[in-house]
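Given the sequences, and given the hints that come with them, work out the whole structure.
Those letters in the sequence shown? Residues -24 to -1, 1 to 673, per mature numbering (1 follows the signal peptide of the UniProt record, and there is no 0), in order.
Fair warning: there could be bad hints in the mix.
Computed list of lysine-lysine pairs in BS3-like fashion (alpha-carbon distance at most 30 Å, straight line) [stated by the list, open to error]: (1) Lys334 <-> Lys85; (2) Lys570 <-> Lys514; (3) Lys132 <-> Lys116; (4) Lys460 <-> Lys514.
Beta-carbon label-pair distances, calculated as ranges [to be verified]: (5) Arg79 <-> Asn606: 50 to 56 Å; (6) Glu657 <-> Lys556: 53 to 59 Å; (7) Asp597 <-> Ala562: 20 to 26 Å; (8) Gln637 <-> Ser494: 25 to 31 Å.
The hints are simulated quantities; they were obtained by calculation from the structure and are not laboratory data. By construction, the Cβ of each residue, glycine as well, lies at the ideal position given by its N, Cα and C atoms.
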Amino acid sequence: MMASLGHRLVVLAATVMTISSVASQDMVGPVEQVGVDVGVMVGQVVEHHLTGCHLVLITTTQHSHVFSSIIRHMGVSMEAGVVVEAGWVLSQDQVAQDHLLQRLLGEVKTTCRALILDLTTNNRSADIALRLAEVAGLWKTPETRVVVVGGMAGVKDVLLHHSLRNTVHGLYLALHDLTLHTPPRIGSSRLRKALPREGVSERVWVYRRCLYCNNGEADVQYFYQWNSTSFYHLSGFLLNEPRLNDAIIQEVVSLHPEPLQNMMGQKLRVVTLPLFPYMDYSRINDEPGNMVAPKDSLDVRLISTFAAVFNFTYEVIEEPNRSFGNENGGNFTGMIGQLQREESDFCTIVAPTPGRLKVTEFIRGYPADMLVVTSLKPTLLPAHLSLVRPFARNLWFALLASVVTWGLIMWGLQRTWRWVTGGRGLRFSTALLYGWGALLEQPPVNPSVNDSGRLLVGWWLVFCLIITTGFRSSLIAHLTVQGKSSTLDSFQDLLGQGNWRWGSEPWFFNGAALEYFSKHTDPVVQQIYKGMEVLVVKEALRNVLAGGFSFITVQNYITVIITSMYTDANGETPFYISNKGRYILACFGWGLRKGAPFYQRFVQLMSRLEDAGIIQHWTNDVIARRVRENRAAATLDPQAAKGDPTQDDNGEVVLGLNHLQGAFFLLFLGCIIALLMLLGENFIHSLSSPKQHPSRS
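Shown next, in the form of structure tokens:
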């Protein structure tokens, strides 16, 4: 009758009863009849509204009228379910327990769950069953339908038990304890008024668990009262009171959104760290890990909106180490660790990772910020190289090779002509200098002595015309619009600079960012991670201004700082933020403790805000406001904002010494070479000339 764990719904019906054996050999007693009626009730709920659900029935003994009746009446309509004896499971070793409880409450994709729990044998049955529910992870599935059937004394203890702390839909079918003749001791004044004071009875009192009705805290509310002898035919076990069935169905089966729409002022604990524009705050005192005073930022606006919609209050706590959270043996530190230990309700500015999703819930709040490289703006190329810059390096080499090759061909043709005709020849130096002079538009006298030589000279002059025209136009363009160094837009550009340094802030070396760099298989990313320096943003930007250094961080964060502190009234700044960033995270958002009952409501509201474009609008508005505030409050460093005025190439360009210094350098170089050649010639001449000796007398 009982089958697989793979069904889509689970109903938790916790049946907690303490009934003494009041017997009659000849007829059905009131205790047995109540058990039968409860079985009919649960069976009809399953039949009409939970067909196909993943169903679990937990009991502490098989010798129970309620248990037998539930099994009998559910077996008619139930396709499959799981029966668990709590005491036997808990008596196994840890390995066996883990194996038995694996997916007991369904798989991750299971959308509806239910568990029927029969605890009718003794007073310890509730503790055993609820302990099993805790071990099985009931607290991780807040939408699980919980129906508790038991004695009057266990109403509040069970519905407010720690294992049900996240349960949204909890119902308790309370039968009067046949062994007691005095009212049970109940702490709630409402329960004392609602509980009966007579002895043996066949009535069932129905109570519900409400999450926030006690000023934001969980409490128990009286729901309905039912008398089995008044509303049932004992012989046929037919349900004649539809109102009870409808009430239970409405409370247990329907989604019943009201409890989560109004949290009635419940106080939530929010743990965070500063990362503008997402979160910003000021410390109330110097002690880390205490409450902080939030400032205008994206997450502060979101939290305020959520609090207004769902009617909850909150306190914002700073994570003591300002750590997102790193995993160590399945346990997390930082903000994720606080959620894992259920010390906080949710946190801001986190990214989802496989490890984090095992211990927390995640809400996508905003797109991930792009990782960018901040460097100095591209600088003007050295002016002394302006004469060689019009042509690429390979073109210069090709041109030099062409001059030498043409000179060799010209010299070879003329030498061949001399060998055949016996005419005058041509020296190689003459041919080479003619080719060089023609390229400079100042050729010497035509050295050719035949028609083939003249033809070769003609084609060389055409070649020189094309080359000189191209050089002249390119030179004018380069002198008019000064060339600049290449921008640093990627990690590969940083590695290609040579003798270059880079770094980031300390917060960058924990959480998902650290996991990305430390586990990435790309050699480029590994080299960047290996050479990363750790320093605060002000020190990093000073190093960038000094040159040879780049700062790696997220785009929105660094944009606010540079626009506020390092940009003048004309929008000029010495820094360059790369256009080709790298997304190292899928998205940013909020992390919630596992099993938080308000998780689905938060997801829906966050999705609506994003789809409406409000989150993006708030992001831009927060950044613009902060920039205006910073520029109004801070003193801008004019030198840092302007940078080097010699690097400004805007406006009218008048050629000066700075532009044409390459020509003077070339002239000096030619003079030095000529001087060296003169020294060489004199030295060679002195070696080759005969020495003059004075005559001897």
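Here is how each hint holds up against the structure:
1. Lys334 <-> Lys85: Judged against 30 Å, a Cα distance of about 14 Å means the pair holds.
2. Lys570 <-> Lys514: Violated, because 38 Å separates the two Cα atoms, which is more than 30 Å.
3. Lys132 <-> Lys116: 21 Å, holds
4. Lys460 <-> Lys514: 26 Å, holds
5. Arg79 <-> Asn606: 50 to 56 Å: For asparagine 606 against arginine 79, whose Cβ atoms are near 53 Å apart, the range 50 to 56 Å holds.
6. Glu657 <-> Lys556: 53 to 59 Å: Between glutamate 657 and lysine 556, where Cβ atoms are some 57 Å apart, the hint holds.
7. Asp597 <-> Ala562: 20 to 26 Å: 25 Å, holds
8. Gln637 <-> Ser494: 25 to 31 Å: Given a distance of about 49 Å, which is not inside 25 to 31 Å, the answer is violated.
In this structure, the earlier hints numbered 2, 8 are contradicted, and the remaining ones agree with it.
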